[in-house]
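Going down the list, the sequences are from chains A, B and C. Residue numbers are given in my numbering: position 246 of the first sequence equals residue 265, and the series is strictly consecutive. Residue numbers are given in my numbering: position 50 of the second sequence equals residue 527, and the series is strictly consecutive. Residue numbers are given in my numbering: position 285 of the third sequence equals residue 1262, and the series is strictly consecutive.
Don't take every hint at face value.
As a list, the in silico DSS-like pairs of lysine-lysine whose alpha-carbon atoms are at most 25 Å apart [claimed, not checked]:
#: 1; chain 1: C; residue 1: K1399; chain 2: C; residue 2: K1388
#: 2; chain 1: C; residue 1: K1208; chain 2: C; residue 2: K1388
#: 3; chain 1: C; residue 1: K1388; chain 2: B; residue 2: K647
#: 4; chain 1: C; residue 1: K1399; chain 2: B; residue 2: K647
#: 5; chain 1: C; residue 1: K1060; chain 2: A; residue 2: K146
Hints are computed from structural coordinates only; laboratory data are not their basis.
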Amino acid sequence: MSIAWLLRRLLTVLYTLLVVSIVVFGLTQLLPADAAVTLLGENATPEALAAVRLRLGLNDPAWLQYWHWLSGLLRGDFGTSMRTEQPVGPTMFIALGRSLLLGGLSIAVMLVVAIPLGMLAALRRGKAADVASSLISYLGVSLPEFVTATLLLIVVADQFQLLPATGYVAPSENLADSIRHLILPVATVSLILVAHVSRMVRSETIDVLNSDYIRAARLKGLPPRTVLMRHVLRNALLPTITIVALDVGYLLGGIIVVEEIFAIPGIGRQLIVAITTRDLPSIQAGAMIMAGTYAIANTLADIAYATIDKRIRYD
Amino acid sequence: MTDTLRRLMRTPQGVLGSALLVGLVLACLLGGVAAPYQPEAMDFAGRFAAPGIKHWFGADQLGRDVLSRLLIGARSTIPLAVAATFSGAAVGACIGTLSAYLGGWWDEAITRTIDAVMAVPHLLLALILVSTLGKGSLNAAFAIAISVVPSMARVTRSVALAVRQQEYVKAAIARGESGSWIVLREMLPNVAAPVIIEATIRVAFAVMLFATLSFLGLGAQPPASEWGLMVSEARRFMHQAPWVIVAPSLAIATTAICFNLLGDGLRDALNPRDER
Amino acid sequence: MSPVLDIRDYALDYVTRGGTQRVLRAIDLAISAGEVVGLVGESGSGKTSLAWAIMRALPANAREAPVGRIRLGDTDLRAASAKALETIRGRRMSMVFQDPSTALNPTLTIGRQVTEVLVRDRGLSEREAWREAIQALEHVDLRHPEALMRRYPHQASGGEKQRIGIATAFACRPELIIFDEPTTALDVITGARILELFGRLRRETGVAALYISHDLALVSRVADRVAILEKGAIVEEAPGATIFRHPMHDYTRRLVAAVPRPERRLVSDHIADDPLLSATDIAVRYQRKRLFRPVPRPATADIAIDVRRGEILGVVGESGSGKSSIARALTGLADYTGSIVLAGRRIGSAGGMDRAYRRAVQIVFQHPDSSLNPRHTVADMLARPLRLYGGDVSTIPALLEEVRLPADYAKRYPHQLSGGEKQRVAIARAFAARPDLIICDEITAPLDVSVQASVVELLLRLRAANGTAYLFITHDLNLVQQVAHRIAVMRNGEIVDLLGIEDLRSGKVHSYTRELIAASPAPVG
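Excised from the complex, chain A in its bound form (with noise of 0.2 Å):
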């Protein structure tokens, strides 16, 4: 892995930074023909409309008013809410920090389950246990999150009292109690990314599975257990850290519905009760970290697809 390939990525997720920037900035302030009176209310008193442009600088042009944000993002200052007249920075990046936990578990489980399921749905390929787990899979892909999540809620903590039904316990409080809150969250985001993920997983071990260099392999005399451990298992991961780094685009969607489902204050909930309450600062400050955040972890997983293939020439 070359210098120059490492900088041209650098490049590309800073670029990718600048153009969210502008797309979060652009839709959430440029956009309506009067922020304020989105922001207030068709109600609202001239006095009230004046403060508010006053105070978010919409009377500038349109190019300041976004050069004055982003050197403020720059700096680390993400405004100031209006609703609790706090800086936004902090609250979420708290914030942050839990669905960072709630989305890093359900990757950590989905890993542990998908990859199985779908190489042994490969290897059983045509035979019942493929079919059920195809179907599971189409389910799994077809329920969107806030179903999944009420589903679960029903069956689990209300009709079976298993588990509590919302709430978050933070680990450093109360280790016991914060996995007991957080089972049913990551098992519903989960959930969906393991229906994603093990299909993928199943259709590139199956091109796997019925590649020249496999059955060369198979008939050099190995057993299947090396063929598969040595020889199918490396070629079908590789092609699955890709389809993870997309997933955690979905990941981020279903955490906005999960959180607000289970009411666990991480930066999905802040930013349906920014948006609720029309606090702009907050709209704005929390899509740009959750995109953000997205952006940096598709990098992350190119460098890592990249140090593992090396079939790919960095020239």
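Please arrange chains B and C on chain A, whose structure you already have, making use of the hints.
Frame of chain A, contents of chains B and C only:
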């Protein structure tokens, strides 16, 4: 066209998907007529009625018949999602094809920008748009259409690039065909098929996204009986009447499955394999 | 002495959506120790299926007839359990595959893929296996084997990878090795070296070998006995030395007749020095200069090439020699610097190629599968050049007849045609505009030898009727000696020789050309 339909009916996915699609279309068109009750007809005596003879899918917290609301709700849920997907797909397809055709620096610039926009997850993009434009079904549909554009552009571009490498395109260039001929008559028929398949599968996502937005209170507004909205309203009463949640959930799932199946079936139908 | 491989009365079917297809019928074949038996057949003859049947690696939809025996020495392979087969494969019988690039796992080092066989089948320790592997690679004439062992497959050339495949197959000293077209995917010269290696190793080890190929001429030089496979049945079996000279069966005779023989000229006319197209200083570059990347090498150095009116100019070279780049430059498919003069008019770049030029210069591509738009009918495709260059659409049936295709094929789509038929449509399309020059870019390479012969006959007939010139690009030196008036030999983007056909025979040629000639020996008989 009929050829494609015939091939579609040969696959199990095609048959099942088409059957479901017919059912959904009927629900949209005739839901109002077929519904046993008025969707807004409240019946306080029959609140939380369990599924039974009187209410096949039960009744909700205001005594409204779930089945009726479900049938009427089809009209609120599906057509907008489909329209949003296909309009977004059309725009995305144009951008993708253009980018592939232009090649070079333009292609690079457009692709990087599309990739950057795709860094904003779909739900997030839709949320931002709705927060600016305001709540409501039309705004939600618009937001979904916008969110479909980048991914369809990317898919179209990669298909168009692959088609451009084919030797029949080179043969056309060597023949001296005009650029517009090459794009419209040589490339487009071969690009259209994968794009249609992709768009069909996206409808499933769009339906789910629309329902999610309504669930969060940002899409369809009460008293519409949009399915996501139904789930959201019933959340408070899930203890007393879980069926009010299960029914619309199943409806959403069925719709998504329908379009996924159709997409899979079309994949086989639109790619004629060696028939000799 | 019992044979190493004994196949008796073996039959095989494939179950497909269209019904059950019989792929092999009543196969009787025996190979003794030290013997090389060649199996020759065209595509669809079942030769590869026989290889899979012997290695017991048939696809899921294969159905073997209940009678029929395959024995390896004393072992009944059909009755062997999966576990038993594991020990047999690699150790008692092994295989060398057709495409060395796809037969190696791209994510494992070469060394690993060689040592795993040694560890498994000879019970060696990792370190012993490593040493043995290095020796095995040396034995197949690979230089710097230790370094090679640490590399990945994509870092080795095609010839190196095939040597590795051969070394792996020989590593455990099996009784039988199956060679599935080992040189088909390689360049001519590399392939010739592999054949030399094969000859040496079989003399040294006395292994029994089944050599599968579509190339009768090649196999007859390599094998002790040759079996001809036609549509799943062995129609003739004879010693390699005599089968080419005295073919008995009709099918064998047809195969022998179709093999290109350089001494059998198919064109006998003399070409006047009347230049049709001359290109000078042509340099083709494929990649633009991109950010942070070094400037790419041009695919062709500044070359000059000319075609005379009505002549057939053959262009030969191995892959990467630049011969396809010339074709692309002359048809405006690749950017080039330099100038092309056609009938007195100068074309400075691809953009300058106007309608008149394009009508005059047409091209037929190598892969008929991708050169025909899958969504257009044959009629659609033939109508285009007619519409563009003022022809009459009603001549389409006549065009089809010229290429010996039935008139009702006009309604068909490409997926309803065979490979040979598709190539004929492509040729008809090129001729529709009545061009002065047709560039044939390796158009016979993917075809069976009998189909190739008929396509060549078609091209010559059309030339006789229309006076068209051809730029005939191929890697088959024997074929080009049959049809070309002049031959250009290319290597690494340069033309190393441009001579008339008589000069080629005389031996006053570049050393590379001599190497090429030596690597494609004329068939004996």
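Here's how the hints hold up against the structure:
A C-alpha spacing of about 13 Å is found between K1399 of chain C and K1388 of chain C, which places the hinted pair at or below 25 Å, so the restraint holds. Using a Cα cut-off of 25 Å, the hinted pair K1208 of chain C and K1388 of chain C is violated, with the two alpha carbons roughly 29 Å apart. Distance hint between K1388 of chain C and K647 of chain B is fulfilled; the C-alpha atoms sit about 23 Å from each other, no more than 25 Å. At roughly 16 Å between alpha-carbon atoms, K1399 of chain C and K647 of chain B fall within 25 Å of each other, so this suggested pair holds.
Restraint check for K1060 of chain C and K146 of chain A: the C-alpha separation of about 22 Å stays at or below 25 Å, so the hint holds.
In summary, the one numbered hint that this structure violates is 2.
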